[in-house]
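Note that the sequence shown ends on residue 425 in our numbering; no numbers are left out.
Simulated from the structure, these hints should not be mistaken for laboratory data.
Among the hints, erroneous ones may be present.
Beta-carbon label-pair distances, calculated as ranges [stated by the list, open to error]:
1) 374 x 204: 49 to 57 Å
2) 184 x 328: 34 to 42 Å
3) 328 x 217: 51 to 59 Å
4) 387 x 201: 40 to 48 Å
5) 353 x 152: 36 to 44 Å
6) 406 x 374: 13 to 21 Å
7) 138 x 406: 27 to 35 Å
8) 148 x 171: 33 to 41 Å
9) 145 x 172: 16 to 24 Å
10) 179 x 407: 46 to 54 Å
Straight-line alpha carbon distances no greater than 20 Å define the calculated EDC-like cross-link-like pairs of lysine to aspartate or glutamate that follow [to be verified]:
11) 291 x 393
12) 374 x 385
13) 354 x 393
14) 379 x 393
15) 187 x 222
16) 209 x 155
17) 254 x 222
18) 353 x 385
19) 143 x 191
20) 143 x 161
21) 187 x 201
22) 230 x 201
23) 274 x 222
24) 256 x 219
25) 354 x 385
26) 209 x 243
27) 291 x 222
28) 171 x 201
29) 143 x 167
30) 230 x 167
31) 350 x 307
32) 187 x 219
33) 350 x 318
34) 291 x 233
35) 374 x 393
36) 274 x 307
37) 254 x 295
38) 328 x 307
39) 256 x 201
40) 143 x 193
Computed from a predicted structure; not experimentally measured.
Glycine included, each C-beta is placed from N, C-alpha and C at the ideal position.
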Amino acid sequence: MAGIKLVPFFIAALAALSADLSFAQSAAAAKSATETLKFHGRISIGRLYEMNPAQDPIATSDPRGKFLGAACGEVQIPVGTKVFLDLDPVAVENPDCLEDIPNKLYGLRARYTDATDAVLLRICKLSELRRLDMVECEVTDSGAMAIEKLKKLERFALATANVNGAYFKVLPTLPNLRCLGVSNNKLTAENVATLSLATSLETINLTGSHITDQGLKHLATLKNLRGLDLNSNPEVTIAGLLPLKACKKLEYLNFRHTALRANDLLRLKGLPLKRVEMNETVLSGPIETAVRNAFPICNLELGKRVPSDENKMLFAPMSR
């Protein structure tokens, strides 16, 4: 009788073991499942990477993780991979080779090339793009307006392109845009003012872009603003910065190489600042005490006399 009673137990145990094996097999199959990215040209247009899973794919300056292969022919990638394409110069020399890029890219970067409006126009057919970085390219304000088509875009950086910001008028049409990098351009106060309508913005890099108090004060309407890089804008004073006290989520601020000083920071008391980069290489005792009392959880980073290439070219104020 005891043996008969054990039969249901063994049946249940076998069923459980079978279920565990099926689950393990399914998990292994899912892990090994791949999909194909097809590039129709014979010459590689760049290098493909997995977006680094250890980093915020939008905020980090360098999102590259595991190398997946050259962007030519057929490339096998794990299903669900966030793919980042680093364009080669050959791609921008012949914009037609960008016509058939698979519309499965999460991010794309073109830097230190002669990428023109024609190149950007083709890139903007990639409706799945979340991130687009263009550094030292020949894109104009007129050409940059093509990003209006990228409704899923969360980050756009157009650095060292000699634009004046006229294309900012299309930014409010991008509901998911969180990060904007426009360092080393010649922005007008009027165009900077239009950024006030792009209310989804959380971080903005304005390094070396001829920002003045007149334009800066308009950013006070950006209630989601968490990070602002004003490095190397010597005309910025407390008059332009003080209205940003209305940005109640502001955590990061860089005012190196501006007219601002540590004592001006005290005028922003009440903001949840966690990291500030400032001009002074040394703080006097009373000033340091006052600033640290006003911002007890803030990391105060004292001056660097010369902006680094990274500060000039890359946009990642929240990740360095």
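Verification of the supplied hints:
1. Between residue 374 and residue 204 the CB atoms are about 54 Å apart, so this pair conforms to the stated range of 49 to 57 Å.
2. The beta-carbon spacing between residue 184 and residue 328, approximately 38 Å, falls within the hinted interval of 34 to 42 Å.
3. Between residue 328 and residue 217 the Cβ separation comes to about 36 Å, which falls outside the hinted range of 51 to 59 Å.
4. A beta carbon spacing of about 56 Å between residue 387 and residue 201 contradicts the range 40 to 48 Å that was offered as a hint.
5. A C-beta distance of roughly 41 Å is found between residue 353 and residue 152, which places it inside the suggested range of 36 to 44 Å.
6. Roughly 19 Å separates the CB atoms of residue 406 and residue 374, a value that falls within the hinted 13 to 21 Å.
7. Restraint check, residue 138 to residue 406: a C-beta distance of roughly 45 Å breaks the suggested window 27 to 35 Å.
8. A hinted range of 33 to 41 Å for the beta carbons of residue 148 and residue 171 is inconsistent with their spacing of about 23 Å.
9. At roughly 22 Å, the beta-carbon separation of residue 145 and residue 172 lies within the given 16 to 24 Å, and the hint holds.
10. Hint check: residue 179 to residue 407, Cβ distance near 52 Å, so the stated range 46 to 54 Å holds.
11. As the CA atoms of residue 291 and residue 393 are separated by approximately 34 Å, the hinted pair breaks the 20 Å bound.
12. The hinted pair formed by residue 374 and residue 385 meets the criterion: a straight-line CA distance of about 19 Å does not exceed 20 Å.
13. A hinted pair counts as satisfied when its Cα atoms are at most 20 Å apart, and residue 354 with residue 393 does not qualify at roughly 23 Å.
14. The suggested pairing of residue 379 with residue 393 holds, with an alpha-carbon distance near 15 Å, which does not exceed 20 Å.
15. Taking the CA atoms of residue 187 and residue 222, the gap is about 26 Å. The hint is violated against a cut of 20 Å.
16. For the suggested pair residue 209 and residue 155, the alpha carbons sit about 12 Å apart, so the restraint of at most 20 Å is met.
17. Of the supplied pair hints, the one linking residue 254 and residue 222 holds, its CA atoms being roughly 14 Å apart against a limit of 20 Å.
18. Between residue 353 and residue 385, the direct Cα distance comes to roughly 25 Å. Violation of the 20 Å bound is thereby established for this hinted pair.
19. A threshold of 20 Å between alpha carbons decides the hint, and for residue 143 with residue 191 the separation of about 16 Å falls inside it, so the pair holds.
20. Restraint check: the Cα-Cα separation between residue 143 and residue 161 comes to about 27 Å, which exceeds 20 Å; the hinted pair is violated.
21. Between the alpha carbons of residue 187 and residue 201 the distance comes to roughly 25 Å, so the proposed pair goes past 20 Å and is violated.
22. Annotation: proposed proximity of residue 230 to residue 201 holds, straight-line Cα distance about 13 Å (limit 20 Å).
23. Among the hinted pairs, residue 274 with residue 222 is consistent with the structure: their alpha-carbon atoms are about 17 Å apart, no more than 20 Å.
24. Distance restraint check for residue 256 and residue 219: the Cα-Cα separation of roughly 25 Å exceeds the 20 Å cut-off, and the hinted pair is therefore not satisfied.
25. A C-alpha spacing of about 25 Å is found between residue 354 and residue 385, which places the hinted pair above 20 Å, so the restraint is violated.
26. Of the pairs offered as hints, the one joining residue 209 and residue 243 is violated, with about 25 Å between alpha carbons and a cut-off of 20 Å exceeded.
27. Annotation: proposed proximity of residue 291 to residue 222 holds, straight-line Cα distance about 18 Å (limit 20 Å).
28. At most 20 Å may separate the alpha-carbon atoms for a hinted pair to count; residue 171 and residue 201 exceed this at roughly 28 Å.
29. About 25 Å separates the Cα atoms of residue 143 and residue 167, which puts this hinted pair outside 20 Å; it is violated.
30. At roughly 23 Å between alpha-carbon atoms, residue 230 and residue 167 are farther apart than 20 Å, so this suggested pair is violated.
31. With a C-alpha separation of about 15 Å, the suggested pair residue 350 and residue 307 falls inside the 20 Å cut-off, and the hint holds.
32. Restraint check: the Cα-Cα separation between residue 187 and residue 219 comes to about 26 Å, which exceeds 20 Å; the hinted pair is violated.
33. Our distance criterion of 20 Å between C-alpha atoms is met by residue 350 and residue 318, whose separation comes to about 14 Å.
34. Proposed proximity of residue 291 and residue 233 is contradicted: the alpha carbons are some 30 Å apart, above 20 Å.
35. Note on residue 374 and residue 393: the hinted pairing holds, with a Cα-Cα distance of about 14 Å set against a maximum of 20 Å.
36. For a cut-off of 20 Å, the pair hint linking residue 274 to residue 307 stands: about 17 Å separates their Cα positions.
37. Restraint check for residue 254 and residue 295: not satisfied, since their Cα atoms lie roughly 24 Å apart, outside the 20 Å limit.
38. Annotation: proposed proximity of residue 328 to residue 307 holds, straight-line Cα distance about 8 Å (limit 20 Å).
39. With a C-alpha separation of about 23 Å, the suggested pairing of residue 256 with residue 201 is violated against the 20 Å cut-off.
40. At most 20 Å may separate the alpha-carbon atoms for a hinted pair to count; residue 143 and residue 193 meet this at roughly 17 Å.
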